[in-house]
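Dock chain B against chain A, hints included.
Line order of the protein sequences matches chains A and B. The working numbering numbers the first residue of the first sequence as 1 and each following residue consecutively. The working numbering numbers the first residue of the second sequence as 1001 and each following residue consecutively.
Keep in mind the hints are simulated off the structure, nothing from the lab. Every value quoted in this text rests on a predicted model; they were computed, and no experiment measured them.
With a cut-off of at most 27 Å between alpha-carbon atoms, the simulated DSSO-like pairs for lysine-lysine come out as follows:
no. : chain 1 : residue 1 : chain 2 : residue 2
1   : B       : K1036     : A       : K100
2   : A       : K46       : A       : K103
3   : A       : K97       : B       : K1036
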Amino acid sequence: MTSATSRLRVSESDGITRVEFVDRNILDEANIQQIGAEITRIVDSKTSPKVLISFTNVDHLSSAALGTLITINNRVRSKDGQLRLANIDPQIHEVFKITKLDKLFQIHEDTQQALASFK
Amino acid sequence: MTAAFSQRFVLPSRREDIEAATETVLAALDRLGYDKAAVFAVRLSLEEALANAVRHGNKDDARRHVTLLCEIGASEAVLDVQDEGEGFDPGMVPDPTAVENLDIPSGRGLMLIRSFMADVTVHPPGNRITMRYHRA
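Pulled out of the complex, with its shape left as it was, chain A reads as follows (with noise of 0.2 Å):
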């Protein structure tokens, strides 16, 4: 599932997909569409997808991989499936407050919370 050029990693368990980002900084163009591209691909081969993102060594990000997160999200709702945030750096979390994403999003402070809220 993980390439040599993917942009996450990916990994499998008990039903949910943990993916976690290559890169420190979810800035350029290319890359966040590539990896909202990545991550369809995983949402549409599951039929009600669990999903959980990790944003373990990620520094920062633009409002483009808000965006990204959020098709992925209206995506993973429309499959009746499940997604979940975690791991997210106090100054990034700020900007999910901000953008009052922090009410679309279940945001989890680490993978085991995470993991324990699917159902």
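Frame of chain A; chain B shown alone:
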């Protein structure tokens, strides 16, 4: 403001040129002792302003340029970004934090800039933005 760092960049609308200029500005902030939170705020705002200039202003046309003027002093950093586009009316951007707009993927760049910078001016016709960060 007496600027300890002052530079004018005229950049083609290409990612590598934008990144190089951004790194120069961030290095100057670091050199002048701005803390991690300040660097985060300026980086985010500069990235958003430059991305808007390249994508919406210059329509990703590398022949069109983005002009970045950066002045950093002991107490504030001023960043001015101008593109060669027609501009836009910031009053027409829907509030992305409204419940009905939360799941719309675009339209958050300017609000993030306004949140992280002390003062933001979009100059008519809307193809130039001046952003001021006040050091705590």
